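What follows is each chain in one-letter form.
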Amino acid sequence: MAGPWDGADTLGPMNDSFRRGVRLGLPYAAAGFLLSLSFGVLAREAGFSAAQAIVTSAIVFAGSAQFAVISIILGGGGLVPAVAAAGLMNARFLAMGIALAPSLPGGPLKRAAQGQTVVDASWVMANRRDGTFDRWLLFGSTAPQYVTWFCGTAVGALAGDGFFDPERLGLDAIFPAFFFVLLIGELKEPRTRLVAVVGGAIALALVPFTPAGIPVLAASAAALIGLAR
Amino acid sequence: MNIWLLIVLVAVITAAIKAAGPIALGGRELPAWFSSIVAAMPAAVLAALVVTSALADGDELFIGPDTAGVAAAGIIAWRGGSVITCVLVAAAVTAGLRAI
Numbered sequence: 001m002a003g004p005w006d007g008a009d010t011l012g013p014m015n016d017s018f019r020r021g022v023r024l025g026l027p028y029a030a031a032g033f034l035l036s037l038s039f040g041v042l043a044r045e046a047g048f049s050a051a052q053a054i055v056t057s058a059i060v061f062a063g064s065a066q067f068a069v070i071s072i073i074l075g076g077g078g079l080v081p082a083v084a085a086a087g088l089m090n091a092r093f094l095a096m097g098i099a100l101a102p103s104l105p106g107g108p109l110k111r112a113a114q115g116q117t118v119v120d121a122s123w124v125m126a127n128r129r130d131g132t133f134d135r136w137l138l139f140g141s142t143a144p145q146y147v148t149w150f151c152g153t154a155v156g157a158l159a160g161d162g163f164f165d166p167e168r169l170g171l172d173a174i175f176p177a178f179f180f181v182l183l184i185g186e187l188k189e190p191r192t193r194l195v196a197v198v199g200g201a202i203a204l205a206l207v208p209f210t211p212a213g214i215p216v217l218a219a220s221a222a223a224l225i226g227l228a229r
Numbered sequence: 230m231n232i233w234l235l236i237v238l239v240a241v242i243t244a245a246i247k248a249a250g251p252i253a254l255g256g257r258e259l260p261a262w263f264s265s266i267v268a269a270m271p272a273a274v275l276a277a278l279v280v281t282s283a284l285a286d287g288d289e290l291f292i293g294p295d296t297a298g299v300a301a302a303g304i305i306a307w308r309g310g311s312v313i314t315c316v317l318v319a320a321a322v323t324a325g326l327r328a329i
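Chains A and B, in that order, give the protein sequences.
By my numbering, the letter at position 157 of the first sequence is numbered 157, and the numbering carries on one by one without gaps.
By my numbering, the letter at position 2 of the second sequence is numbered 231, and the numbering carries on one by one without gaps.
What the hints contain is simulated information worked out from the structure, not anything from laboratory work.
Be aware that a few hints might be false.
[What the hints assert, rightly or not] Across the chosen pairs, the derived CB separations fall in these ranges: (1) A:Gly75 to B:Ala261: 44 to 50 Å; (2) A:Gly107 to B:Leu290: 42 to 48 Å; (3) B:Ala261 to A:Arg168: 23 to 29 Å; (4) A:Ala221 to B:Ala261: 15 to 21 Å.
Computed from a prediction, not measured in an experiment: that's the story for all the values here.
The beta-carbon is built from N, C-alpha and C at its ideal position, and this holds for glycine as well.
The shape of chain B in the complex, shown without the other chains (with noise of 0.2 Å):
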């Protein structure tokens, strides 16, 4: 496989992603509705994000010791801990249970 046409077709897609919503629908006022699924939209893709990536591998549902460390990063997110010390946790408590 040509890798370097590989990162340029990557990089190409992922721009025009980018650039698509800015480019049709940029400098113009949108209704009031629209607001209110902007508001509560980081919040569906976040838990989408965060259930796909720890509690699957591929297509399957899996849970493993990632999923422990993930909710350990959780548990000390909500009661107000830091973005690194939450992934400092994740990752040594999955390190941890993959060693034992």
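Isolated chain A (complex conformation) (with noise of 0.2 Å):
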């Protein structure tokens, strides 16, 4: 799989950048139609309207919080055990947006704004391995991830509670699939591979204990071989 990072071109214009991004994006977003249409139909069946569904995805756009919030809510848990799910699901974005932030110029509002953009895929995409991120290929590619997860979630919400079980076509297998073709792109070096088969251990090892979310959090620890010699 050839990556952003293979090319030599990354002190480009930016127009090149974002254009580029928004090719690498589009597998993505298509897959992202698929996965936020469950999302559409597993929020109506949550109590959600149709209405609340879309907002949800306008203005959160983070699948893994999205799904885990609703969960919550099948399972019988109350406002604050969602949002504190959500949470937790999100913490990985913390580390995701330190390991940006030197990448990011402006103001410190110029950078929180900028900072939104951060989805797993255009992050993945944008890293160029160096330490420093190619920021205009993160947002050429994540735009292209907005639309299609508005899209998809607009679609699954009007069609709306019955209109087919997600669980039924195989859906929720498509959330894991799609990182784990991310994952294989960086599974090239001896040293990856380690610090993959590390983080799945830390994570696999945490499920039973901690809330969820805390797992992928914790795992981003083994990115410290990255110091080894």
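Join these two chains into a complex; the hints should help.
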């Protein structure tokens, strides 16, 4: 799989990076459409109106957190556990935002706004592997993913509860498969293979003992292996 | 439960988490060791996301049809398949096993 970090044109004009980002983001946007379609259906099942489901995707735009909220509500949980689950699910964005920070210019407000464009696939593709990020590529690849995330949710939410059963169609396998494809692209070097194995092991070991989201945040500590020579 | 309140709170907490790093650490040079960690982070985070979503259901480890679907997607990704092919195969294998 060719990645943006393979190219030598990372110093090119920002428009090139943005356009390349859009192109790289398109396949993930298509997969995201299916994912948000099932979010729309599940949100209706959890008691959201169509408008509420659509607004959620428009202003939250964080798949894992949105699904965590729905599963808490479907399980009978209240407001506080649902918001806490979303926060924990998003905890990895804290680590990802710290990694991205030095690549963002401008004042605090501008940097905070740019930080909103971080979604997993874009963050991985914009990572230049030298400690810096191509921010225009990040913005570019997030753009189509935002559009399809919104559209998929709208279709699923308007079709509504009972339109189809996401589990019966195997749509719940799309989320992990999506990340698996990104992961495979990371496994070219022995070093990153080791990081992946350790990160996966940390996460699995914590699953029975910690709230959802914490295992993924804790697994980011496996990146410390990057320090070894 | 007030769902609108829930949506706003989740949006605010998500935006705050995404803004925290860039606000606190933006616009400055960071040392070389920082770069080594950043370069290794995607593998750690992605592996964790894959195993927690494919091998666990809530706080229990769980192997089901979706695990097989995700494994099939992994093989296709390894052999150079596109992300679309991979997610469609994952869904098809999972749905097929559930239908049996």
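Hint by hint, here is what the structure shows:
| no. | hint | verdict |
| --- | --- | --- |
| 1 | A:Gly75 to B:Ala261: 44 to 50 Å | holds, 46 Å |
| 2 | A:Gly107 to B:Leu290: 42 to 48 Å | holds, 46 Å |
| 3 | B:Ala261 to A:Arg168: 23 to 29 Å | violated, 51 Å |
| 4 | A:Ala221 to B:Ala261: 15 to 21 Å | holds, 19 Å |
Hint 3 from the list above is the single one not met by this structure.
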